[in-house]
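Participant: One-letter residues, chain by chain:
There are 2 protein chains.
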Amino acid sequence: MKQMVTAKDVAKLAGVSQSSVSRVYFEGAKVSAKTRAKVLAAAEELGYHPNEFARSLITNRTKIIGLVMKGVQNPFYPQVLKQFTTAFKKQGYSVLFVHTQNEELQREDVETLLNYNVAGVIITDATMSLTVAEDFRANRIPLVFFNRKLNTGGFYSVCCNNLNASREVARYLIGKGAKDFAYISGNSDTSTSREREEGFVEILEQSGIPYRIYQSDYTYEGGYQTALNMLEGGHLPAAVFAGNDIMALGVIDAFRKKSIHVPGDTKVIGFDNIDMAGWPGYGLTTWEQPIEKMVEETIHYLMDEIEEYKGFGRALEIEGRLVERETV
Amino acid sequence: MKQMVTAKDVAKLAGVSQSSVSRVYFEGAKVSAKTRAKVLAAAEELGYHPNEFARSLITNRTKIIGLVMKGVQNPFYPQVLKQFTTAFKKQGYSVLFVHTQNEELQREDVETLLNYNVAGVIITDATMSLTVAEDFRANRIPLVFFNRKLNTGGFYSVCCNNLNASREVARYLIGKGAKDFAYISGNSDTSTSREREEGFVEILEQSGIPYRIYQSDYTYEGGYQTALNMLEGGHLPAAVFAGNDIMALGVIDAFRKKSIHVPGDTKVIGFDNIDMAGWPGYGLTTWEQPIEKMVEETIHYLMDEIEEYKGFGRALEIEGRLVERETV
Chain A
1 MKQMVTAKDV
11 AKLAGVSQSS
21 VSRVYFEGAK
31 VSAKTRAKVL
41 AAAEELGYHP
51 NEFARSLITN
61 RTKIIGLVMK
71 GVQNPFYPQV
81 LKQFTTAFKK
91 QGYSVLFVHT
101 QNEELQREDV
111 ETLLNYNVAG
121 VIITDATMSL
131 TVAEDFRANR
141 IPLVFFNRKL
151 NTGGFYSVCC
161 NNLNASREVA
171 RYLIGKGAKD
181 FAYISGNSDT
191 STSREREEGF
201 VEILEQSGIP
211 YRIYQSDYTY
221 EGGYQTALNM
231 LEGGHLPAAV
241 FAGNDIMALG
251 VIDAFRKKSI
261 HVPGDTKVIG
271 FDNIDMAGWP
281 GYGLTTWEQP
291 IEKMVEETIH
301 YLMDEIEEYK
311 GFGRALEIEG
321 RLVERETV
Chain B
1 MKQMVTAKDV
11 AKLAGVSQSS
21 VSRVYFEGAK
31 VSAKTRAKVL
41 AAAEELGYHP
51 NEFARSLITN
61 RTKIIGLVMK
71 GVQNPFYPQV
81 LKQFTTAFKK
91 QGYSVLFVHT
101 QNEELQREDV
111 ETLLNYNVAG
121 VIITDATMSL
131 TVAEDFRANR
141 IPLVFFNRKL
151 NTGGFYSVCC
161 NNLNASREVA
171 RYLIGKGAKD
181 FAYISGNSDT
191 STSREREEGF
201 VEILEQSGIP
211 YRIYQSDYTY
221 EGGYQTALNM
231 LEGGHLPAAV
241 FAGNDIMALG
251 VIDAFRKKSI
261 HVPGDTKVIG
271 FDNIDMAGWP
281 GYGLTTWEQP
291 IEKMVEETIH
301 YLMDEIEEYK
311 GFGRALEIEG
321 RLVERETV
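Each protein sequence line maps, in turn, to chains A and B.
For the first sequence, my numbering gives the first residue as 1, with consecutive numbering after it.
For the second sequence, my numbering gives the first residue as 1, with consecutive numbering after it.
In short, the hints are calculated from the structure, not lab data.
None of the values given here were measured: they were computed from a predicted structure.
A hint or two may mislead.
Because identical chains cannot be distinguished in the list, a pair is counted as satisfied if it fits within a single copy or across any two copies.
Claimed, not checked - Restricting the straight-line Cα-Cα distance to at most 20 Å, the calculated cross-link-like pairs of lysine to aspartate or glutamate (EDC-like) are:
1. Lys90 with Asp304
2. Lys90 with Glu111
3. Lys90 with Glu108
4. Lys257 with Glu232
5. Lys257 with Glu326
6. Lys89 with Glu305
7. Lys34 with Glu45
8. Lys63 with Glu111
9. Lys30 with Glu288
10. Lys258 with Glu326
11. Lys89 with Glu104
12. Lys293 with Glu319
13. Lys89 with Glu111
With the rest of the complex left out, here is chain A:
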């Protein structure tokens, strides 16, 4: 039965003290070049892996980022997960994936993140109570809301500029000559859906253009069903703005089923620019979220706060861009 190789074994083979072995592996510790060489040679020979848990007890820091995600059904989020994991790897950080069933982060998930003493936390498509957010603050764990804003201030969030985006979407559709509109909302308790509705409606009101709001849920099935309900209600607007791409794909399929031609009979525009929006089967015109830039800013903030915790809060908004394809 082979035992795990320990720092003690390495120290013995290298002919140095155990604390010298520690100093080689723990950041910021001073150690002579000669000792370092001896330790690394011995570690190589024995196949020693410095234990991250031991390191964390000494430095009181881990190299783990907790990433909380709900909706893996929406391809936007796996894409975000991939980009974060790839970018964090370059910084020497690993991602602890926390899947939450509920819109709000549950106590057990918070306990997990606190127990692992994560270096930072990213909340994507979920919210948390203020009490829970304060728990992280009390433990000096930096926190970013990604693609979500908290109503209360004092926290850091990174979003696409949803207000400006939906204003631009409205202006674009008006410019294409559409005379009446529908907005299909996502879950009403999300900042993204509220802001996309707000900016869109603002421009339509200013222009005196009629519109209707349909409540949906950011899923393909929701978009599909909403479009069918719209038609059953005898309403075919000149243009439909769906709160995200995956709903827009459902809308297109519902129209296709009812032999309504897009963009001939009605125009459809989405939000996100997921890979599927570019599939030839859809060719969805949409608003692209600047994921790369959003990921970059999130990591930048977390690294700064990990370096020196300030608990700095700000709602950062980044401009996206229109991607024209075939549905408008």
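Given chain A's structure and the hints, the job is docking chain B onto it.
Facilitator: Below, chain B without anything else, positioned relative to chain A:
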């Protein structure tokens, strides 16, 4: 500046020794009901979180499972990730997500998993060299290949029974009267694609039915382009078996673009039964992978091996089922 609450603080408030606090939180340690109650009350009052790293140093075990994944573009894998994370949470385990860019697990990823002393590893759509697999074995870390088989024996893998599945697919299409066939393969170095081809071809050969093999890559774009190439080459088979669903969706869209009616002009069948296969825009007939059962068996194996490491190897294959929709 608030400091992290330690076991020492809890011990002080509870009026017990620090080792009593440890015993309350570390599995299998004996402690009186009275002491346990005192410690838990003090921990509650102070907001103490037992540190998993400290625990792991004492028990030499963590509650982290490393999950290695490459292709988040294929919705099959986010679905798998969600199911694993949800099921592990019930067992008190968390998932360290490792995204690998390459088909083969890289050395740096292996180091990460070893450094965190993960309790177990699941490799989904990637492979690893025998040397790397032996590294995990040497560290007594149980390993499961999920939806992939290694060529070498002695390792545990959990797959759908791909041979039986593709034989059934061939028999089903023959039963529908199709007279010539195409198989669109995934990446040729994957066991899944090889076995799906093998079972399919076996039945066609037995029945004396002509077929062609087209090499692709398990992506939507690959399926789309392969179907276009097929048509440009003047070949419209009576039925197309795509090695996975996401390629089948690409095939359907390419046929749609060229005004070829499915299933009227040609039939299309996929493999996986991802959510999108059921979308009304596609209605894809496919072979369902028994993900829930596959996840359950994987977790069962890992928990057994974590309980008592045996390094037990076996290629477990689970039967899937045909899901009939509108494309055949």
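Participant: Work down the list of hints and note, for each, if the structure agrees.
Facilitator: Hint check:
no. : hint               : result
1   : Lys90 with Asp304  : within (16 Å within a copy, 34 Å between copies)
2   : Lys90 with Glu111  : between (27 Å within a copy, 14 Å between copies)
3   : Lys90 with Glu108  : between (29 Å within a copy, 10 Å between copies)
4   : Lys257 with Glu232 : within (13 Å within a copy, 29 Å between copies)
5   : Lys257 with Glu326 : both (18 Å within a copy, 13 Å between copies)
6   : Lys89 with Glu305  : within (18 Å within a copy, 29 Å between copies)
7   : Lys34 with Glu45   : within (17 Å within a copy, 49 Å between copies)
8   : Lys63 with Glu111  : both (18 Å within a copy, 13 Å between copies)
9   : Lys30 with Glu288  : neither (47 Å within a copy, 57 Å between copies)
10  : Lys258 with Glu326 : both (19 Å within a copy, 17 Å between copies)
11  : Lys89 with Glu104  : between (28 Å within a copy, 16 Å between copies)
12  : Lys293 with Glu319 : within (10 Å within a copy, 44 Å between copies)
13  : Lys89 with Glu111  : between (24 Å within a copy, 12 Å between copies)
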